[in-house]
Amino acid sequence: MSRKLPALTADNAAFWQGGAQGRLQIHRCTPCARFFHPPAPICPHCGSFEVAPAPVSGKARVLSYTINHQAWRPDLAEPYVVAIVELVEQAGLRFVTNIVGLSPEAVHVGLPVKVHFEQHQDVWLPLFEKDA
Amino acid sequence: MFDRIFEKDVSITGVGQSEVGRPVAKSAMRLTLDACLEAIADAGLTRADIDGVACWPGDNNNGDAFSPVGPNALIGTLGLKVNWYGGGYEGPGPLAGVINGAMAIAAGLCRHVLVFRTITEASRRRTDKAASALTNKTVGRDSSFFWQWYTPFNVLSAINLMALYAQRHFHEYGTTPEQLAQIALTCRANAALNPKAIYRTPLTLDDYMASRMISTPLRMLDCDVHCDGSTAIILSRADAARTGPNRPVRIEAIGAALHQPWSWDQIDLTATAARDVGEMMWSRTDFKPADVGSAHLYDGFSILTMIWLEALGLCPRGESGPFVEGGRRIARDGELPINTNGGQLSGGRTHGLGYVHEACTQLWGRAGERQIAPHQVSVVAAGGGPLGGSLLLVRE
Chain A
68 MSRKLPALTA
78 DNAAFWQGGA
88 QGRLQIHRCT
98 PCARFFHPPA
108 PICPHCGSFE
118 VAPAPVSGKA
128 RVLSYTINHQ
138 AWRPDLAEPY
148 VVAIVELVEQ
158 AGLRFVTNIV
168 GLSPEAVHVG
178 LPVKVHFEQH
188 QDVWLPLFEK
198 DA
Chain B
-12 MFDRIFEKDV
-2 SITGVGQSEV
8 GRPVAKSAMR
18 LTLDACLEAI
28 ADAGLTRADI
38 DGVACWPGDN
48 NNGDAFSPVG
58 PNALIGTLGL
68 KVNWYGGGYE
78 GPGPLAGVIN
88 GAMAIAAGLC
98 RHVLVFRTIT
108 EASRRRTDKA
118 ASALTNKTVG
128 RDSSFFWQWY
138 TPFNVLSAIN
148 LMALYAQRHF
158 HEYGTTPEQL
168 AQIALTCRAN
178 AALNPKAIYR
188 TPLTLDDYMA
198 SRMISTPLRM
208 LDCDVHCDGS
218 TAIILSRADA
228 ARTGPNRPVR
238 IEAIGAALHQ
248 PWSWDQIDLT
258 ATAARDVGEM
268 MWSRTDFKPA
278 DVGSAHLYDG
288 FSILTMIWLE
298 ALGLCPRGES
308 GPFVEGGRRI
318 ARDGELPINT
328 NGGQLSGGRT
338 HGLGYVHEAC
348 TQLWGRAGER
358 QIAPHQVSVV
368 AAGGGPLGGS
378 LLLVRE
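In the order they appear, the protein sequences are chains A and B.
Take the first sequence: its position 32, counted from the start at 1, is 99 in my numbering, and no numbers get skipped.
Take the second sequence: its position 378, counted from the start at 1, is 365 in my numbering, and no numbers get skipped.
Isolated chain A, as found in the complex (with noise of 0.2 angstroms):
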């Protein structure tokens, strides 16, 4: 399945190419301590520019997902499925992604879930699949 690739920048760098490493990597604010998402340079909580990616487990439970059922281009397969994720370091601290690797009907809110680094160029992209 093709998709749009985000345009790599020094802010979102390591989190589209962690994966390269097998690692999800998250914006923390070093002295608020403070995971913050989308990457900035800048703390939205507490302002500070001493910010880095800093690596995460990679779990997560699913906050809320929708079965795509249109195929809005001819070649996407569908039914696919879209989620936001809550990771487990950090109340709030979630993004939107797909869920793969099990049947859509099988996922709910609140299923525990893990990364799934799909590579696309130099993009690798973070999935999430059923954490067993």
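None of these hints come from the bench; they were simulated from the model.
Do not take every clue at face value.
[Claimed, not checked] To give a feel for the contact side, a few chain A residues facing chain B, derived at Cβ under 7 angstroms:
hint, residue
1, R70
2, K71
3, P73
4, S131
5, T133
6, N135
7, H136
8, Q137
9, W139
10, V149
11, I151
12, V163
13, T164
14, N165
These numbers were taken from a predicted model, which means no experiment stands behind them.
The beta carbon of each residue, even a glycine, is placed where N, CA and C say it ideally should be.
Go by the hints and put chain B onto chain A.
Quick look at chain B alone, frame taken from chain A:
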């Protein structure tokens, strides 16, 4: 909190709307002119009286059918002489043009501001079904600060994001498809009495449940209908508003707040920006939700109407499902009639200003067959996710 609530010095004095169709054979500019000239005449004015123009989102200089005409093009075409004009996407949603125009009047820049919104998505989709795909917002790799977090995961339509809100609402509050259906059914019942509405044939709950699933739990009938059309309103300074033929519809309070990130997934999924907007609006007036006689709430996707009902305090948080259940309360003869022209779900996706047009039409008692009980206070809200704005309107 503030010692001056600027919007109370501004009233709506006229409205206009072009033919609305799927598609319409007229150019985007012709549709715009039809709407604008009707609004100017309705306010008892002439072109020479208009000294300001506002639009959301305006022309992005890319011929986008989402907004093919902006203030720049209109000013010269219509021969206007303005002291201020403005457009642009970044603002509190589809009502941003109204809010900006009101600010220009209150700031002393203008007396009569023409606000308009033109859309030709029906024509465009005849030739390009993928015209509104999120992946078309950027060329090549996604360099957008916002869309790059969605398009790599094949979030290709806004419905996927709205479906995430809906699913979370279902999960947190037990909202059901049968309850959500009432938004679409109510809009269709209202559209049957609106000769300009796109879809007017009767719709049943069975029809809704049988409607094709697009992105669970949202079905085809939860999506608004693309159209070609233009809508315009005239904003006038309070003193200049009293000389026109229509009783002024005062902007009693606006909501434009965003106290969360501008993001489709980092905001509160069931409150969205709408919560901030609603809290701001009610903080600027002594009126209460119980005073509202009609509500015109964005229904680009049905779940957004539910979110607005709660965010504006028209029902308690989490209770929009039970509130709309059966459809009685929100019907034209119910305690809170909504989207009396058929909304965007059945009336057509005029995108924002259509709700203002309908609210004024009802407040002025000009809605013909679909006219509801006389009332003085109406609320309009538009937008979804991080986009949101609202207007509390009071007919003097």
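Status of each hint after checking the structure:
1. With its C-beta approaching chain B no nearer than about 5 angstroms, A:R70 sits inside the 7 angstroms limit, and its interface hint holds.
2. With a cut of 7 angstroms, the hint placing A:K71 at the interface with chain B holds, because the nearest CB-to-CB distance is about 4 angstroms.
3. Because the closest C-beta pair between A:P73 and chain B is about 4 angstroms apart, less than 7 angstroms, the hint holds.
4. About 4 angstroms separates the beta-carbon of A:S131 from the nearest beta-carbon of chain B, less than 7 angstroms, and the hint is met.
5. For A:T133, the suggested interface contact is upheld, since its CB lies about 4 angstroms from the closest CB of chain B, less than 7 angstroms.
6. The closest approach between the C-beta of A:N135 and any C-beta of chain B is roughly 5 angstroms, which is under the 7 angstroms cut-off, so the hint is satisfied.
7. A least Cβ separation of about 5 angstroms between A:H136 and chain B falls short of the 7 angstroms threshold, and the interface hint therefore holds.
8. The interface hint given for A:Q137 is met, as the beta carbon of that residue sits about 5 angstroms from the closest beta carbon of chain B, less than 7 angstroms.
9. For A:W139, the suggested interface contact is upheld, since its CB lies about 4 angstroms from the closest CB of chain B, less than 7 angstroms.
10. Hint on A:V149 holds. Least Cβ distance to chain B is approximately 5 angstroms, under the 7 angstroms limit.
11. With 7 angstroms as the threshold, the beta carbon of A:I151 comes within range of chain B, its nearest partner Cβ sitting at about 5 angstroms, so the hint holds.
12. Taking 7 angstroms as the C-beta cut-off, the interface hint given for A:V163 holds, the closest approach to chain B being about 5 angstroms.
13. With a cut of 7 angstroms, the hint placing A:T164 at the interface with chain B holds, because the nearest CB-to-CB distance is about 6 angstroms.
14. At a threshold of 7 angstroms, the smallest CB-CB gap from A:N165 to chain B is about 5 angstroms, leaving the interface hint in force.
Every hint from the earlier list agrees with this structure, and none is contradicted.
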